[in-house]
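Peer 1: The hints should help you fit chains B and C with the ligands onto chain A, whose structure is shown.
Here's the letter readout for the chains.
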Amino acid sequence: MTRVKRYLDVVLKTICVSLFALLVILVSWQVITRLVLNNPSVWTEEAARYVFIWLSLIGISIATGEKADVCIDFLVRKVPVFWQRWVEVLAYLCTLSFATIVMVWGGWDNAMLTWDQKNPVLPLNAGVLYLAVPVSGALLTLYLLFHLVRTLSPSYTGVEEIAPEDEVEL
Amino acid sequence: SSSDDSSSDSGSTKTFKVAFNQNSAHPQAKAIAEIGEKLKEQTGGKYALELFPDELLGAQAETIEMVQSGSVEMAIVGGSLLENFNPDFAVVNLPYLYESAEHQMKVLNDPEIVGDLYSSMDDKNIHVLASYHGGIRNVYTTKGPVTTPADLKGQKIRVIGSDTNVRMMELMGGVGTPMAQGEVYTAIQSGVLDGAENNELIYSDLAHAEIAGFYSYTKHLMMPDTLIINPKVLADMDEESRKVLTDAVAASVDTELSLFQEGVEAAKAKAEAAGAKFNDADVEAFRTAVLPLHEERLTTDVTKAIYDKIEAAR
Amino acid sequence: MTDAATIGFVLLGGMALLLAIGAPVSISIALPSAVCMVLVLGWDNGILTSAQRMFKGVDSFPLLAIPFFVLAGQIMNNGGIAARLINLAKVMVGKTPGPLTQTNVMANMLFGAISGSAVAAAAAVGTTMSPMQKKEGYDKAFSAAANVASAPAGMLIPPSNTLIVFALASGGTSIGALFMAGYIPGILWALSCAVVVWWYARKRPELNATSWTPFPVVVKTFLQALPSLTLVVIVIGGIVAGKFTPTEGSAVAVVYALLLSFLYRAIKVSDLPHILYTACRTSSVVIFLIGVSSIMSWVMSFTKIPQLMAESLFGWTDSKVVVLLIMMVLLLIIGIPLDPTPAILIFTPIFLPIAIDFGIHPVHFGIMMVFNLSIAVISPPSAPVLFVGAQVAGARLEAVIARLMPFFLVLIAVLFLVVFVPELSLWLPRLTGLI
Ligand code: NA
Ligand code: NA
Chain A
9 MTRVKRYLDV VLKTICVSLF ALLVILVSWQ VITRLVLNNP SVWTEEAARY VFIWLSLIGI
69 SIATGEKADV CIDFLVRKVP VFWQRWVEVL AYLCTLSFAT IVMVWGGWDN AMLTWDQKNP
129 VLPLNAGVLY LAVPVSGALL TLYLLFHLVR TLSPSYTGVE EIAPEDEVEL
Chain B
21 SSSDDSSSDS GSTKTFKVAF NQNSAHPQAK AIAEIGEKLK EQTGGKYALE LFPDELLGAQ
81 AETIEMVQSG SVEMAIVGGS LLENFNPDFA VVNLPYLYES AEHQMKVLND PEIVGDLYSS
141 MDDKNIHVLA SYHGGIRNVY TTKGPVTTPA DLKGQKIRVI GSDTNVRMME LMGGVGTPMA
201 QGEVYTAIQS GVLDGAENNE LIYSDLAHAE IAGFYSYTKH LMMPDTLIIN PKVLADMDEE
261 SRKVLTDAVA ASVDTELSLF QEGVEAAKAK AEAAGAKFND ADVEAFRTAV LPLHEERLTT
321 DVTKAIYDKI EAAR
Chain C
92 MTDAATIGFV LLGGMALLLA IGAPVSISIA LPSAVCMVLV LGWDNGILTS AQRMFKGVDS
152 FPLLAIPFFV LAGQIMNNGG IAARLINLAK VMVGKTPGPL TQTNVMANML FGAISGSAVA
212 AAAAVGTTMS PMQKKEGYDK AFSAAANVAS APAGMLIPPS NTLIVFALAS GGTSIGALFM
272 AGYIPGILWA LSCAVVVWWY ARKRPELNAT SWTPFPVVVK TFLQALPSLT LVVIVIGGIV
332 AGKFTPTEGS AVAVVYALLL SFLYRAIKVS DLPHILYTAC RTSSVVIFLI GVSSIMSWVM
392 SFTKIPQLMA ESLFGWTDSK VVVLLIMMVL LLIIGIPLDP TPAILIFTPI FLPIAIDFGI
452 HPVHFGIMMV FNLSIAVISP PSAPVLFVGA QVAGARLEAV IARLMPFFLV LIAVLFLVVF
512 VPELSLWLPR LTGLI
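Chains as they are written, first to last, in our numbering: chain A, 9 to 178; chain B, 21 to 334; chain C, 92 to 526.
No wet-lab data here; the hints were simulated from the structure.
Predicted, not measured: the structure shown is a model, and the values here were computed from it.
A few of these clues could be false.
[As the list claims (entries may be wrong)] Listed next, the in silico SDA-like pairs over lysine to any residue satisfying Cα-Cα at most 20 angstroms (straight line):
1) K288/B with G262/C
2) K75/A with A111/C
3) K66/B with A110/B
4) K21/A with V131/C
5) K126/B with E331/B
6) K75/A with H365/C
7) K37/B with L254/B
8) K334/C with E119/B
9) K163/B with S410/C
10) K126/A with A81/B
11) K147/C with L98/A
12) K359/C with A174/C
13) K50/B with V324/C
14) K334/C with G174/B
15) K86/A with K359/C
16) K181/C with V309/C
17) K290/B with G262/C
18) K359/C with I33/A
19) K290/B with G485/C
20) K126/A with K66/B
21) K37/B with L436/C
22) K147/C with G174/B
23) K147/C with G181/B
24) K37/B with L130/C
25) K334/C with Q201/B
26) K144/B with Q125/A
27) K163/B with G90/B
28) K126/A with K37/B
29) K34/B with V131/C
30) K75/A with L98/A
31) K75/A with G485/C
32) K75/A with Y368/C
33) K37/B with A110/B
34) K37/B with S470/C
35) K329/B with E315/B
36) K126/A with S32/B
[What the hints assert, rightly or not] So, partial list: chain C residues that the calculated Cβ filter (under 8 angstroms) puts toward chain B:
37) N136
38) T408
39) I427
Note that beta-carbon positions come from the ideal geometry of N, C-alpha and C, so glycine has one too.
Isolated chain A (complex conformation):
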């Protein structure tokens, strides 16, 4: 299972990095078309918005995978490890219910509702763009299940410290 997660991490990171690079190029191109070519691009802003949405929604799933999302867990830390486990399981189940019911189910319904709605400037239907929500929900579900299994495993030692500290090196 850990191997599956590592594989998924690599794939998603690659997607995020590529989308982010694409985003920088798109917005820079928008500035260039207006300032240098004096012929503002119609589609770059629209395209940038949707690349940004996909990037952010995929980004949140791996951020959750790395437990980089924001929590206030000082209360949980105060209870005994035995209870910490069950409180943490409860918190995961809440997140899981949002990811599966609202994001996957509701998001899928929403994508289907808008499947034949055209975009005014891009050759895509709105539903394709809305698919970002259920896709992100499905990825979140995978990561949450992974965390859930780890929390329930015998090696559980209490709520983990979350500190994305080593990231900004000088």
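Peer 2: Here is chains B and C with the ligands on its own, set in the frame of chain A:
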């Protein structure tokens, strides 16, 4: 309070929620209020309307989806947005199509001319009840009055983000620059844009008169706003109430038009007080320049037929 | 069953419960909001509309500035650009206690003034400054708190989209007059943050420089910082001169910082994926939060909770002071879960006529409202600036909130000044003949 009433006797009154993107003083909001009063009175309190102004429930494009899903029953949305659901709608949004606001309202609310178009999206849960006058769009700029297409040369004018609008501005002589309305004020102020195009109400309400003082009557675009409803809601009403609703809607079109024209006068006075100058432009020169667009965009039999009927009613 | 009171109870109770069990802040907002959505719309439409609101909450071009400024900040750090700029700031601030944090406060004021976005300021300046401060022994949570607290100053200092929204909602208050009126309260905001930083740092010798830097060193530091300064000049100058919008400026900042770092040979192409990925992860967390917050905004608008609260609170007093106090407290409370734009759109039509009845000038009222709601964007649980600040500093949220308390107190004191001393807002617009 009013909200208390609607929740306390919700068993007997069915309240339709109407999403709207402008404030509650707008002529279209007043039209909705008028429809609501008639509906409540003439159905004996069976039905009522409740307006959600100021984009509180979302931008126009989003409220269409809410009507489709049934989260809200009705919404007022720009006619151009309906092109995303049925491309044939493009025909009613063409520049230099209508002779006057009265001509526009006459043809757009004539079932003989647009009847099938308005029910063409029923299978997508969108039904058009009526088209309202949404103002006449003119060009306004920071640098000086615009009277001929040559005056717009090289000027970056904010337009609605669609190929048609960018192409229209190109034919008018300028550089059509799509941008979200929320960013336009600072973009004009800083010089990212040289101007924009819109009706007098928006020009004055968004305080663009403070920063782009030259409003030129190019009269290029009259895009209708449409009142849409989920067709299932319409079907669920009893026949009598449905007739009350559609009659009230039809009557509100005239109310809205006269309120709009009063609003234009007030907006103009306010903009002038803020230092704006209004000037006429060579409309024929602009119209001639833009006409090729009609040929380019009329690609289906449906749109050609509607176009011919609109032309015939001039 | 689904009246406003029930919705309010589910929202607040659910949020408190989820936060207590350590669920992510985003989920603590999202899940109760989605439950309310199902209560008012039924199951199918409830989950569908929740998903739609979440998508639309993220779907905004100006939000793009967040990942871009975080990215630019990280490139500047890795590329040595930030270090040169901060050295310059340090020799200029001299013996002021807590020089780096003071620099952060001032940079936020300038940056926020230009970009008009508190979140973008906290992201760009915080990403650049927090690693430096950590290295020099500053408390991570305190420097994050100072970054968060000072970021909204730019919402008051023009240009400001928030003031434009008020102008529209108020039915045409002059934007020019509002912009003029925002200067003094905005600068007061930043100064009050500087005072808190000074108070904190003055008794910590490790945060104080011992002497002024000799002049030749100042010149050398300046020359070294010159190419880095050009970045600031290009981005800020480009926005001011109308070459690009603030959102586009954030992309220009990324490109320029990247070129400069390659020039300094401080970054290799092979470093880029890691930098891009960390910036993406940091901003995604914030963007997701903004997305789910719009589910809550929608439910509150739909059930008209804010209007009902307001209606039930007025009408029993005719004292100007009491009415103003009720308004301010109500805005502070409602601003806790709600974002400034919907709050302004909902409350302006209710409050402004009452305020005008009491002889308050609409421009003054706009400033007090925006000041108030600027405090709200840093107050949890719905506080994008706070989350971005904690994220880019890598600090624990509850620690940052604790360090924010003195800032809150001082800012609320300044809010009362702004409310009860109209001249702070009206003097400049009068002087320039705008009102
Ligand atoms: Na600003
Ligand atoms: Na808040």
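Peer 1: Against the structure, test the hints numbered earlier, and report the numbers of the ones violated in rising order.
Peer 2: 3, 4, 8, 9, 11, 13, 15, 19, 20, 22, 27, 28, 33, 34, 36, 38, 39
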